[in-house]
Amino acid sequence: MARRSFRWRPPASFSAREQGERRPPTALVVALALAGASLITLDHVGGDSSPVAPARAVVGEVVGPLETGASTVVRPFLAIPDFFTTRGSLRSDVEALEAENAELRGQLSASDVDRARLAEYDGLVATAEQQGVSLVPARVVAHGPAQTFSRTVTIDAGSRAGLTADMTVVSSDGLVGRILDVTTSTATVLLVVDADSTVGARVGRSMEVGFLSGRGHLDDPGRLDLELVDRSVVPAEGDVVLTWGSEESGPYRAGIPIGTVKEIFSTPRDTTQRAVIEPFVDFSTLDVVGVIVPDGTASDRTTIEADGGVG
Amino acid sequence: MTATRTAVTAGAVLVAIVLQAALFPHVAWRGVVPNLVLLVVVAGALTRGAQFGVVLGFCAGLALDLAPPAEHLAGRWALALMAVGYVAGMVRREARPTLPTVVVTAAVCSFVGTSVFAILGLVLSDPAVPVSQLLTAVGIGVVWDVLVTPLVLLPLLLLLVRLEPQRRFA
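These protein sequences, in sequence, are chains A and B. Throughout the first sequence, residue numbering follows this note's numbering, covering -5 to 305 in sequence. Throughout the second sequence, residue numbering follows this note's numbering, covering 250 to 419 in sequence.
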């Protein structure tokens, strides 16, 4: 376009008369601010039985499937940037070769995604066998932005797939988080790296128990802090940390691997030992996850049974 | 005309919420994504003024608070985007917003919106995160929003201005 600069033509209603009416009525601003404040208060005080929960469920029923749809459309394109970074050395090659490559990459990218996903499903089957649990497979379709400072994701399985709140979510690598809310077709998962998340943990070798809390980071220092109950015990670096809890009831099922001990801090001031845990799961690239469900759960999708079979 | 305008604005908010949750996390930098809903509120407020801005901001924020995977206290984005609608609506006083004005408005609004949201979280400790992390997210958020302004805010502005009733006041 030949426009020298973007000039937004204001609507014709820009007139002297409207200038004076532009400031919104104070009553409206105050009313809305109060509405917002009361909403926050209601949700804050309500806790688990918050009156906002039904509203959340209704919005979830509408937006959840849309997110699932959008994610399905976006997914095949995700492999393309990976391809460019891993083949960075090719950039010095001849232009013609690159053009040809780009075309081939386009064709390949879809099959790469499929192959990667197949590997993840295989991993899930292995997890189900090792842990002796039944899993409902699901995919991550939406991530909460870092601006909200909470680490949650939406998965594309909900109450129709047999999921309820407080179920444990795992991936083929280890513990992912737990379910907070379900709608009929989606569920919201609180990741263990969320700053509000606390998981009962047991250090593999010493069997010491403690509590893991997230730091709110998703990627690199996406680490967890472990506080041991017994301050006289020092965990060793490289020790594997597992969940502890009851076998059947939630929120977290016992014996799921979480990560390894990376660093240990103990200051005289602290009453407990503090260790930094590096989780097994890469939370920034979560895709296929499994939700641990009781055996024989009625589900609208194929579940992975404890014996490695599908049912 | 009013119905069309409302429908277009509501549709834009819905599309923004879905894209923000399902598409942009894949290109996010340190988990921060462009706040498309905020840009929709800025566009609405720039075309129709502060009164429309605060109402749109409140409704869009509420939707963002309730849509999965949001789990923070409902009402935080509602208040934050209401402030955004107010600020952007006030900018409209200037007779002819040019490209620089629109970009600066987007940057200021992004800063105000994310800050209000973060401060509310800090006050309510929901969740308790260090201030340094808040500042990083606010900073990256502003950069993102400015970067996507030409792609999102300008087309939306042109669309909304076209839907404005012509010459109601002489």
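Simulated from the structure, these hints should not be mistaken for laboratory data. Where hints are given, some of them may not hold.
[What the hints assert, rightly or not] Residues of chain A clear of chain B, computed beta-carbon distances all greater than 10 angstroms:
#1 Ala27
#2 Val46
#3 Arg50
#4 Val53
#5 Glu61
#6 Phe143
#7 Thr148
#8 Gly210
#9 Asp233
#10 Pro251
#11 Lys256
#12 Glu257
#13 Asp276
[Unchecked claim] Chain A is faced by these chain B residues, among others (derived, beta-carbon under 7 angstroms):
#14 Ala252
#15 Ala256
#16 Ala259
#17 Gly280
#18 Ala316
#19 Leu322
#20 Leu328
#21 Val380
#22 Leu384
Glycine included, each C-beta is placed from N, C-alpha and C at the ideal position.
Now for the hints, and whether the structure bears them out:
1. Ala27: violated (7 angstroms)
2. Val46: Its Cβ does come within 10 angstroms of chain B, the nearest being 4 angstroms, so this is violated.
3. Arg50: Since the minimum Cβ distance to chain B is about 5 angstroms, Arg50/A lies within 10 angstroms and the statement is violated.
4. Val53: violated (4 angstroms)
5. Glu61: violated (5 angstroms)
6. Phe143: violated (5 angstroms)
7. Thr148: violated (4 angstroms)
8. Gly210: Per Cβ check, Gly210/A is inside 10 angstroms of chain B; nearest 5 angstroms; violated.
9. Asp233: holds (27 angstroms)
10. Pro251: Non-interface label stands for Pro251/A: nearest chain B Cβ at 24 angstroms, farther than 10 angstroms.
11. Lys256: holds (19 angstroms)
12. Glu257: Per Cβ check, Glu257/A is outside 10 angstroms of chain B; nearest 18 angstroms; holds.
13. Asp276: Label holds. Min Cβ-Cβ 13 angstroms, cutoff 10 angstroms.
14. Ala252: Violated - the Cβ of Ala252/B stays beyond 7 angstroms from chain A, reaching only about 18 angstroms at its closest.
15. Ala256: Since the shortest Cβ distance to chain A is 15 angstroms, the answer is violated.
16. Ala259: violated (12 angstroms)
17. Gly280: This interface hint holds because 3 angstroms falls under the 7 angstroms limit.
18. Ala316: holds (4 angstroms)
19. Leu322: Constraint on Leu322/B satisfied, holds at 5 angstroms.
20. Leu328: At 4 angstroms from the nearest chain A Cβ, Leu328/B passes the 7 angstroms test, so the hint holds.
21. Val380: violated (11 angstroms)
22. Leu384: Interface hint status for Leu384/B: violated (12 angstroms vs cutoff 7 angstroms).
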